Each structure stands twice: as structure tokens, then as C-alpha cells.
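As a plain string of letters, each chain reads:
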Amino acid sequence: MSYEELTERVRKIIASAQHLPQEKITPDSTFAELGIDSLDGINILFAVESEFNINIPDDAAQNIRSVRDVIDGIAKLLEGGQAGQPVSA
Amino acid sequence: MNRRVVVTGAGVVSSLGHNRNDFWSALSAGQPGVGPIQAIQRGLLRFPNGAEVRNWNPAVYFDEKEIGLLDRFAQFGAVAAREAVADAAIEWTAGLRENTAIVTGCCVGGQGTEDEGFVNLYRNNIPRVNPLTIPRTMENAAASRISLEMGIVGPTYTVSTACSSSNHAIGQAFWMVRSGAVEMALTGGSEAVFSLGFLKAWEAMRVVSPDTCRPFSKDRRGLILGEGGAMLVLEPLESARARGAKIYGEIVGFGMSSDAFHITQPSPDGAARAIRGALADAALKPEDIGYINAHGTATQANDVTETAAIRKVFGAHADRLAVSSTKSMHGHTLGAAGAMEGVATLLSLQHGLLPPTANYREPDPACDLDVVPNTARAAQVEYALSNSFAFGGLNAVLVFRRATV
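Chains as they are written, first to last, in the working numbering: chain Y, 1 to 89; chain P, 1 to 405.
Bear in mind the hints are in silico, worked out from the structure with no lab data behind them. Be aware that a few hints might be false.
Derived DMTMM-like pairs: lysine to aspartate or glutamate, alpha-carbon spacing no greater than 20 Å straight-line [unchecked claim]:
1. 218(P) with 368(P)
2. 218(P) with 362(P)
3. 12(Y) with 40(Y)
4. 200(P) with 59(Y)
5. 12(Y) with 59(Y)
6. 76(Y) with 28(Y)
7. 218(P) with 319(P)
8. 12(Y) with 72(Y)
9. 218(P) with 59(Y)
10. 200(P) with 51(Y)
11. 218(P) with 58(Y)
12. 200(P) with 58(Y)
13. 200(P) with 49(Y)
14. 200(P) with 69(Y)
Here the structure is a predicted model, which means the values were calculated and not measured.
Hey, can you work out the whole structure from these sequences and the hints?
See the structure below:
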């Protein structure tokens, strides 16, 4: 998947979760600018995990502050071949 | 007419043991009851640890038919109530049974029972759900069991305000005894949280620690879920004295508030209002308080917000207060938290020993209180608070006093 395609899918997920028009969401938007609070944030990560079949660790989740953080985080997990792996405790 | 209300009996089932003495021994030794979760197959959860009640065999306490009627949470509540009532050496009469209230707190009820039934329905294609699911699951199952078992026929109900449930319950019971509405109350709470569906929902909240519970420590990584039950016997000082009952301490104030801020993020203003309300109800000044058993969940948000709330109310006196979180040892037992922490607070006052915040490693400038790190501290304290702040923004705070008789 290209970076552009990934970006589009993430924008779509966030738009749908936050009930925002997609054009408002750019890779540079911060969660604060978009009015995304901590509960919204974990809800978005839940949607992202389901969409890409990945597991985002809590520690990584805590550092996500912008749309780009989400995109880059997913890219890293997909590169690491995490998709479809079971959660390890 | 406001009567003084004392606590004459206490019972606890927790990850620290199946009775009050084991609970206090572990708390005073700073010994956490946190370990690998046994109820769930390893690998299914991102967090491996919990504060489970170990080696629980319901057959020790109930016959087989009764066990079929009682979810684990109701068993914990009933067994804690038995210990509290035996401890208080109550001699029941018909009149006392009519004038005794039971008020319990519970957040999630018998969701273990529900989980099991629904797995059968959804996954195993078994089209029938056990008819006992309803009476086992209802949040008031523990209260009703205690009533049935002891023949108590006074006002009996259950309060459900998430993590503040049992502080709200104890507060209601306290006010009923104080006002003369009842002559005695059995109050507290119980909870059993270790079933897969429910734990997966907590996992998704991303507030559970991957290792242990380190309240107020800079390297804290979230809460540790716990289970169990705790119950107290409340009665007017006069009748406790008249029957020569042993007195653990007194409840002197109760305050509550709602944040009206956010469904999960706490607000220091709401917490501060509940603390001020409790102090006003007790007719005390902030300077009268010597110890706070904190809500102290070890989430990033709670510990910072609670520190801010304490500073708001206590000002310079905040630096003279001891504040510890016993959740570091018995875990976060949700609807049973206030009850367990109430017992912990009363025993602290009685023994002149403040239980520590266990697992503490590193000071956090945003949580700059004296948190009694890792080792219990001898201290004669007259008045103490026990804080509970819930998801949904609902706060409940109790004020306890050392026994003075």
C-alpha cells in the first residue's frame, strides 16, 4: 500500500469516527485542532486496528498527537509484518 | 437530630486474602496482591496481571444449590457481610431486622455469568440461556443475598456509580443511621471483573498497566483491575456503647458531586467540590484532616487531577497531609473500591499506621504530595478522607474519625 493510499484510508476513518468532513483532515492536523480528546483518540485507534488488522501497543498509542502520528505508526507496524499477528501478552 | 455513627464490624474478601486480618497484614506490610491473571488463558489480553481473589472455593461458604444462584461478585459480598456481622457480634431481634438497612455498591454485577451464557448462545449455538442468569447478574444480587441470609427486612438497595459505587453506598447508609431513619446498616460493595469480554473492553480503554499499579509514581502505566468485597456495620454511637460493642472508628462526613465535564476525563473542580462537601458535612476545616486514602488509580489522568483537587482544597496544608493509594496493593475493584478503602482507612486510624503507596519508584512533579512511598508509617491521625472518583464524573468522599471512646 502506498503512503498516499494509507493517508486516504486514515483520513476516512477519522472523518467517520469524528463526524467531520474529510477535507478538514490533513496529515498535519493535530488531534487538538480537530477536537479529538482522549476517549475519541482510543476510539479512532480501535477503528484503525480493525481496518488494518493490527495491534497498536498502549505505549505507542500514548504518543499519538496528530494524523501523521497515526499514519506513520500504522506504516511502521505494517512494515514490521504485524498484521494478522495475535496479541502477545 | 443528628446521631454520631460508628463502625462496629468489618469484613473483606480481596486479593490480599479472604478476611479482614489478611487484608490488613498485607496493607501494613506494603505487600501487593497483584499477579498473573489465572481466570483467563494467557495471550488473550495485552495486560497479563490483575488482583484476583486467589484459591476461592465457594463450597467453603455456600451449599451447591446456593452456589448456582450466586455469581462470584455476590459471593464476595455475602462472605464479607458475614465477617462484618460476626465481628460486630450483633444479636438480632425482629425489631432490629426491621430497622437495619443494607446498601451496597456494585458497578458491573454478574457480568461473568452473562459472559458465559452469551458465549453459549452466540458461539456454541446453544439456543437457551440459564434462567438463573437474571438473578445472578443483577447488581443488587449481593444485597438481596445478605438480606435473605440474615433475615434483614429494612431498606435494601444497590447504588451503581462506576468506581464511586460503594462510597456512594456507604454515604447513603451513614446518612440513614445518622438521621435516625434506621438503627443499623450493613454497607459496602463487591465486584468480580475477571471475564474475557469485560477485560477486553478495559484493554480497549488503554488505561490498564502492563506490569503493576504505581500510583503517583512518574513511571506509572495505568491501573490494575482487582476483585473482592468489603462490608461495614454502622450503628449509632449510643447503641454501640450500650451493648459494649468494639468500635473501629466513626464516619463523620459524606460529600458528593458531579463534574459535568467529560464522560471519562476527570476534573479537579468536581473532585474538590466533593471533598469540600464532605468536610462541610463533618463540620471540619481542611486543616483537621491528617490522612487521605486516595482514589489513586495510577492512570496518568487520575493521579494528576486528584493531586490538583487536593491542592485546591487544602492549600498549604496539602504539604502536611499523608496521601496513599492502597489500590497499589488490592487493585482497582471498581464498585467495591470505596468499601475496601473505607476499611483500610478505618484500620489505619485504629492502628495508628498509614498503609503505603506500594510499587512507587519515581517522584512526579505533577503529583507532588507525600504519598507514603512503599513503607507503612506510624502516625496518630484523628480524621481521614477516603476519595472515590468515577467514570462519568461522579465523585463521593467520606470522612472517618479515629475511635475516641
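Here is what the structure says about each hint:
A C-alpha spacing of about 10 Å is found between residue 218(P) and residue 368(P), which places the hinted pair at or below 20 Å, so the restraint holds. For the hint linking residue 218(P) to residue 362(P), the alpha-carbon distance of about 5 Å falls within 20 Å, and the restraint holds. For the suggested pair residue 12(Y) and residue 40(Y), the alpha carbons sit about 15 Å apart, so the restraint of at most 20 Å is met. In summary, the hint linking residue 200(P) to residue 59(Y) is supported, as the alpha carbons are separated by about 17 Å, within the 20 Å threshold.
Annotation: proposed proximity of residue 12(Y) to residue 59(Y) is violated, straight-line Cα distance about 24 Å (limit 20 Å). Under the criterion of a C-alpha separation no larger than 20 Å, the hint pairing residue 76(Y) with residue 28(Y) is consistent with the structure, at around 18 Å. Simply put, residue 218(P) and residue 319(P) have alpha-carbon atoms about 19 Å apart, close enough for the 20 Å limit, and the pair holds. Of the pairs offered as hints, the one joining residue 12(Y) and residue 72(Y) holds, with about 16 Å between alpha carbons and a cut-off of 20 Å not exceeded.
For the hint pairing residue 218(P) with residue 59(Y), the CA-to-CA distance comes to about 14 Å; that is within 20 Å, so the pair holds. Annotation: proposed proximity of residue 200(P) to residue 51(Y) holds, straight-line Cα distance about 18 Å (limit 20 Å). As the CA atoms of residue 218(P) and residue 58(Y) are separated by approximately 17 Å, the hinted pair is consistent with the 20 Å bound. The straight-line distance between the Cα atoms of residue 200(P) and residue 58(Y) is roughly 13 Å, inside the 20 Å bound, and the hint therefore holds.
Straight-line distance between C-alpha atoms of residue 200(P) and residue 49(Y) comes to about 14 Å, which keeps the hinted pair within the 20 Å bound. For the given pair, residue 200(P) sits about 25 Å from residue 69(Y) by alpha-carbon distance, which is inconsistent with the 20 Å threshold.
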